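> Sequences listed follow chains E and L, in order. Take 1 as the starting number for the first sequence in our numbering and just add one per residue. Take 1001 as the starting number for the second sequence in our numbering and just add one per residue.
Just so you know, these hints were derived from the structure itself, not from any lab. None of these values were measured; they are calculated from a predicted model. All clues given are correct.
With a straight-line Cα cutoff of 20 Å, these simulated EDC-like cross-link-like pairs (lysine to aspartate or glutamate) come out:
no., chain 1, residue 1, chain 2, residue 2
1, E, Lys100, E, Asp336
2, E, Lys269, L, Asp1304
3, E, Lys76, L, Glu1115
4, E, Lys269, L, Glu1302
5, E, Lys481, E, Glu37
6, E, Lys269, L, Asp1254
7, E, Lys94, E, Glu345
8, E, Lys100, E, Glu345
9, L, Lys1117, L, Glu1134
10, L, Lys1276, L, Asp1266
11, E, Lys217, E, Asp148
12, L, Lys1109, E, Glu187
13, E, Lys49, E, Asp426
14, E, Lys276, L, Asp1254
15, E, Lys190, L, Glu1102
16, L, Lys1109, E, Asp52
17, E, Lys299, E, Asp262
18, L, Lys1101, E, Glu187
19, E, Lys275, L, Asp1254
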Amino acid sequence: MSNGKLNINSYNHYPETWDEMYDDNVDIRSHYLKFAEVIKSLSQDDLTKKVDFSSQLFLNQGITFTVYNNSKGTEKIFPYDIIPRIITAKEWHKVESGIKQRIKALNLFIKDTYSNQFIYKDGIVPFEQILSSNDYSLQMYQLKVPIDIYTHIAGVDLIRNNDGEFYVLEDNLRTPSGVSYMIENREISKRIFPAALSSSRVMPITNYAQMLSNKLKGLSDKNNPNIVLLTPGIYNSAYYEHTTLARLMGVELVEGQDLFVDNNIVFMKNAGGIKKVDVIYRRVDDDFLDPLVFNSTSKLGVSSIMSAYRSGNVVIVNAPGTGFADDKATYTYVPDMIKYYLNEEPILKNIQTHKLSDKSELEYVLKNIDSMVVKKTDGSGGYGMLIGNAASEKEIDDYKKQILANPKGFIAQPTLNLSTAPCFIDGKLAPRCVDFRPFALMGADGIDVCPGGLSRVALKEGSLVVNSSQGGGSKDTWVLKK
Amino acid sequence: MLSRVANNLFWLERYFVRSHSLLNLIKANYLSNLDIDDISPWDKTVLNFTGKTLNELSLKENAPVDIIQLLLFDRRYSNSAINLVGQTRQNTRSVQEHVSKEIWQNVNKYYHFIEQKDLSLRFIDQDPITIIDEMLMYNMLHYSNADINQERGNAYCFMNLGKYIERLCQSIDFILLRSSNSNAVFDELEEHIYWKNLLVSVGGYQQFVKAYKSVFNSKNIIEFIVLNPFFPNSIYYCLNKIAVHSNRLNKFNDINPINDMSFRVDKLDSNLRYMKIDNLLHDGLESFLENLKSEMSSLNKEIDMVYFNNI
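Construct all of the structure, not just a fragment, from the sequences and the given hints.
See below:
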């Protein structure tokens, strides 16, 4: 490794791709200048030391996640790139207002779906959209939920296309994860780039847990409600996040075995006896929440919890049955929902999406599959999708068979040029594709979007897959003050 | 506090103290071996921690290093150091929001240290004591962290309950270890070396020397380990602490203080308070220790009933 200064002017910009730090002439964008001043004064060795330091910090703190299909040891460190992604105040303003608008509309959509179903009766969204979704829950039909909020916590995945605009890739309305990495990434930035962080005037994100705690408290009519965070347990891929949030909010982290329901009231089993639970921030999927209602083999949930919920004795966050609204097929209707419920134009655009339930769209996609990304409508985590231009002929043929067996289970989007951000790889700055997941919290006092988010990075050169389960990493996201 | 969490905190500390005792015993036995060319002191240690005798394990020739390797790194035995540290880490991980960040990070670092692939190889190349000392440093840091950073609430008391019960059990085993090796014939020098190493390993050597003016006879040692009120590893000291923490837990959790568990702890505490070493030896040391072990087993069941029965 060389001891020379980092050459920030030598950068291999991807063609026809928006880069977060460099413009098309490989000049540094103005909002990166202060940070660039700091790193250009450092040597490659200095930066390598910062990489080692951050890896050690992640390992020592146990900031790990679990990969399910990895036969050799399941606990891994989420790779972290030390170079932050920086977003201007103006860009953030648009992202923030766009997310608020979107979450507001989606919440109304869920409420409408489980009550009057006007949007279907008015022909904006077809009824088949509910009928075809495995995530629509009859248990929620005509159920009045506290303050009419279903999507208390949402993570909206955004990408920046080569036109420089942010587009919505997908909405995550069930149990979105990643917020603990947003928090920890910032903690590491504070250690490795303290001067750059303060000179750049970055919006703080440290109060996320307090924001969440206040939103959860506001859902109960009690002054000091007993809030718990329900985790599937230590083997869950996001367990670190569950412990972090419980610790930062000062609430009990419970497993299904710690709770029971008596007379439609949820209790926790304490060393000194039992205690009533008022609000459950659950990180257990719907399917496993209540074995008497959903998956009968589940040992992760609590029997009769849905009955307690329906009786209004406990608040479940996020509400069960929100999954149909972040289904990849429902996604295509979100701009129409915004117009229908809010009478507004969508601030953030969707990516052009082909519904394969439509014959002509199916035909088009099958013909042009080489330039498409095809996804399962109920898929997540980057599993089970096909990236046409990176797949072999056999993979494409096999995938086509799956599509033809159940076209409505798939959507397709053109392969986009995800924006790139510089990463410190092999002693120099190299472009890698990034996406962006800001987190929104909805409560009695409205919607707040934490000024930051998780920027996920496809660490493999040229790759578009940013998911942690598929070899992706993350970087800190700095939102600059006005 | 959740019953499951309380139980995990209790066992977190038991596993930790057990690994600490194992490392201390290994160190004491190894150092004794350097002076006394006899591996018989390992017999009871190996039996205690693996459930097998040296013969059953076919560990005879050049045994100390092989025995240490097995006690530290062999995953087949639940009480090997690597498994005990793994269990400690698993328990700590499940109660992270109840222990200080420093406690979690130290346990996590310990786990990654002992899981290093090359550690068992380094162990063969280097002096085993160097690696054992590195491991012991994590144990010592844990006790410091618990003292300095841990909130004095339920979690602290459950941890201490586990700590002192395990420490007491280990102290019983220390004495039994020596007494059951009585068929081995040691001369006075060997006896001195053995006890010195054992006492050094539990941090009691200096205190013992001050109290007994270097007279290493078994009566003094037994009195020190059983009845000394100021030695943190003595059975009496541990019982005292168990009583303190169980009383606090009763208050914290609104549990009626008149229960079988508190009665048993207070009774044992009173028995030892008024016990004299001559009476103890007259009535039989081994029967006293075996009886105490059985009392501890009953106490464990009562703790389960009182605090963890909601799991």
